[in-house]
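Numbering (mature numbering (1 follows the signal peptide of the UniProt record, and there is no 0)) for the sequence shown: -26 to -1, 1 to 191.
Treat the hints loosely; a few may be bogus.
20 Å max Cα-Cα, derived EDC-like pairs, lysine to aspartate or glutamate [said to hold, decoys possible]:
1) 77 with 95
2) 77 with 54
3) 129 with 60
4) 66 with 128
5) 69 with 95
6) 129 with 80
7) 69 with 80
8) 76 with 95
9) 133 with 186
10) 133 with 70
11) 77 with 100
12) 133 with 123
13) 77 with 60
14) 133 with 100
15) 145 with 95
16) 69 with 186
17) 133 with 80
Worth flagging that the hints you see were computed from the coordinates, not collected in a lab.
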Amino acid sequence: MTARRLPRARKAAAAAVGAAAALVLAACGTGGGEPTRHTGHDSAPSASPSASASVARSGHNAADVAFAQGMIPHHRQAVDMADMAEGRAAAKEVKDLAAAIKKAQDPEIRTLTGWLTSWGEQVPAEGAADHSGHSGHGDAMSGMMTDQEMEQLEKSSGKAFDTAFLTLMIKHHQGAVTMAKTEQTQGSHPPARAMAGEIIASQSAEIAEMRELLGTD
């Protein structure tokens, strides 16, 4: 794989993220919205068959909960993959991309966790479930890596790592985009839908960049 600078893809990603960030601010500033962390938000008492009434009062629905509960382990795994790149990647572009992924997704994990906590919903536990054990999100649609794929990536280095990282992260990003599109069409919480739009824009741009690095665009 030949390392190349990709100013066009980077510029597109930056523009997309900036536009989506404006959507988040707009959503949080509208009537009935709340700050991203939602520390003062009235929470639903529990997840129960009567949750629909609580959902109506708190401005979110079951799709918003599923989005947050699915995206948290998804992002955690992407961060784990990005952490590997610092000491294993050969190309500077791959290291820079991994750093950008971690910088974007760490804060989103905290925001998603804050939403679930404010809604009285379960926050996915950390650990092995973040990989193949996350039932319902460890399939091809979500793009989650299996434990075996993560172990193979961890054992690789240099150009072999770069190729494996880019190939797996494309699949991972595609899953995130699919999940985010579902949130946009089915969710009701404005900040969550705005975050979904940001994920679609930024990760689609990164998919194009990774394909260019692999020479498969």
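Residue 133 paired with residue 70 [C-alpha distance capped at 20 Å]: Roughly 15 Å between the alpha carbons, so the hint for residue 133 and residue 70 holds.
Would you mind confirming whether the straight-line C-alpha gap from residue 133 to residue 123 stays at or under 20 Å? holds (17 Å)
Straight-line Cα separation of residue 129 and residue 80 no greater than 20 Å? violated (24 Å)
CA of residue 145 to CA of residue 95, is that 20 Å or under? Not OK: residue 145 and residue 95 at ~28 Å, beyond 20 Å, violated.
Going straight from one Cα to the other, do residue 76 and residue 95 come out at no more than 20 Å? violated (25 Å)
Just to be careful, I want the Cα atoms of residue 69 and residue 186 compared with a cutoff of 20 Å; is the pair within it? holds (15 Å)
Keeping to a limit of 20 Å between CA atoms, is the pair of residue 69 and residue 95 held or broken? Distance ~35 Å between residue 69 and residue 95 Cα, so the pair is violated.
Within a Cα-Cα threshold of 20 Å, do residue 69 and residue 80 meet the stated pairing? Judged against 20 Å, a Cα distance of about 16 Å means the pair holds.
Given the hint that residue 77 pairs with residue 54, test it: the Cα-Cα distance must not exceed 20 Å. Judged against 20 Å, a Cα distance of about 12 Å means the pair holds.
Keeping to a limit of 20 Å between CA atoms, is the pair of residue 129 and residue 60 held or broken? holds (14 Å)
Proposed proximity, residue 80 with residue 133 (alpha carbon, max 20 Å): violated (26 Å)
Sort out whether residue 95 lies within 20 Å of residue 77, counting only the CA atoms. violated (26 Å)
When held up to the earlier numbered hints, the structure conflicts with 1, 5, 6, 8, 14, 15 and 17 and fits the remainder.
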